[in-house]
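**Q** Protein chains in written order, with UniProt numbering: chain A, 1 to 248; chain B, 1 to 248.
FYI, nobody ran anything at the bench for these hints, they're computed from the structure. Incorrect hints may appear among the rest.
Since the list can't tell identical chains apart, any single copy or any two copies may satisfy a pair.
DMTMM-like cross-link-like pairs, simulated, lysine to aspartate or glutamate; straight-line CA separation at most 20 Å [as the list claims (entries may be wrong)]: (1) Lys134 / Glu117; (2) Lys211 / Asp139; (3) Lys211 / Asp137; (4) Lys4 / Glu28.
2 protein chains.
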Amino acid sequence: MRIKAMISYDGSGFSGYQVQPNGRTVQEEVERVLTRMNQGVFTRITASGRTDTGVHAVGQVIHFDTALSIPPSGWGKALNSQLPGDIRVMGVEEVREDFHARFDVEWKTYRYKWTLEDIPLPFERHLLSHIPGKQPDIDRMREAATALVGEHDFRSFSAANTSIQDFVRTIYEVRIERYGQQLHLVITGNGFLYNMVRIIAGTLWEVGIGKRGPDEMSAIIAAKDRSKAGKTAPPQGLYLEKVGYEKR
Amino acid sequence: MRIKAMISYDGSGFSGYQVQPNGRTVQEEVERVLTRMNQGVFTRITASGRTDTGVHAVGQVIHFDTALSIPPSGWGKALNSQLPGDIRVMGVEEVREDFHARFDVEWKTYRYKWTLEDIPLPFERHLLSHIPGKQPDIDRMREAATALVGEHDFRSFSAANTSIQDFVRTIYEVRIERYGQQLHLVITGNGFLYNMVRIIAGTLWEVGIGKRGPDEMSAIIAAKDRSKAGKTAPPQGLYLEKVGYEKR
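Only chain A is shown next, with the shape it has when bound in the complex (with noise of 0.2 Å):
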């Protein structure tokens, strides 16, 4: 039986979501709760993707295989019992036995939040980034994110570090909200490279802050070259917020 599951998790405990040799990470806690859980037969779980060191998700989505005659509405009961406190099951299904948390995904929305206070309370320090100094302007973050909409190459916000080919993603929607003195990026594509996210977040906070102007994103796009974009915004304040498997 194949299960679905969405977790979600507070990053700032974990290197990141997926195994590696020194560090604690995600798929290592639910991975042995799971193989526990299976009498101690090996329980491998594939999510939609990676997040690194210190990002969080809401809503993460994995899959795993089980002979155990468990119902949905049991996972997440017994999973929850057993996990870390910093990571949480949020919902189980059956799914057919050919779906695939990564290769399925349609679409994935992420959310960065910064805090505008002078001095952040201490509560938020892991959840949400603090940029000291000027104010950003929201409508020129605005006008700028509307150039990375639609289709790109999106190498200029790529970790240069990377083995990937393929730059090519489609941005299907961005928004900046404001709710108090908290900031959102809201972006919502049909994949992301390796840490475009938080690229993207630095390069539309120095359009905000007036480091650059509004209409320079086409420019930095068209460029496909890393050193054109801004700064890479700290990991605190990026959360997985949802992953897709239907069509948009």
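Assemble the complex: chain A is given as a structure, and chain B must be docked to it using the hints.
**A** Chain B only, in chain A's frame:
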């Protein structure tokens, strides 16, 4: 020169406010930084009162004396650059030499926060209280809360193991507020007994879920008996919000 500072801290990493032999405390972290700034001369801080393990502060107030000639605006930056991220200095002012952060308190406001989510997001696990089971009836809680306002002997809402003699306190205002899936109890009084807010929160919750009647509150107060009140609510929902030094 006497300095008054407002500090905020995330209580989840502390064994409470007050210095103690085992465990990291807010007081010891602040005193360590001040003592270092003061060329190794030990600098004592005095707070408006203690907070327990896991309890947070948005607006704790402290005072300390110093011979350093740093302007108030410089103190905040200097302290925040050296303090750990879970303590922030939110404001600093110079006060008269006889100001006392504890003795001069006229009122305090505490906020107790519950999440009403079925499965709370992991980001909130140290910042909100989550009581699985029935959803509370907010109108019942509001009705019960009105009995608390005024001058009362609050022995029923005091931890049993206390050495104090005078249990009379005045509650100026109690509010129950809903924000999305959060429920907040906001309570202002001239002083609070040990665990008083958490016992009030636990008792109001029991009223909310129908375990007690809203009209029982007056009898619980009159009994002057801890065993008549409800369970002590967990610490992670509690915030010392504001300390007032002017008469109400």
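**Q** Run every hint past the structure and note whether it holds.
**A** Going down the list of hints, with the structure as the test:
1. Proximity of Lys134 to Glu117 under the C-alpha cut-off of 20 Å is restricted to the intra-copy arrangement: shortest distance 11 Å within a copy versus 36 Å between copies.
2. Proximity of Lys211 and Asp139 under a CA criterion of 20 Å is satisfied intra-copy only: 14 Å inside one chain copy versus 52 Å between copies.
3. Taking the shortest Cα distances, Lys211 and Asp137 sit within 20 Å of each other inside one copy (11 Å), while across copies they are farther apart (51 Å).
4. For a Cα distance limit of 20 Å, the shortest separation of Lys4 from Glu28 inside one copy, 17 Å, qualifies, whereas the shortest one across copies, 47 Å, does not.
Checked against the numbered hints above, the structure violates none of them.
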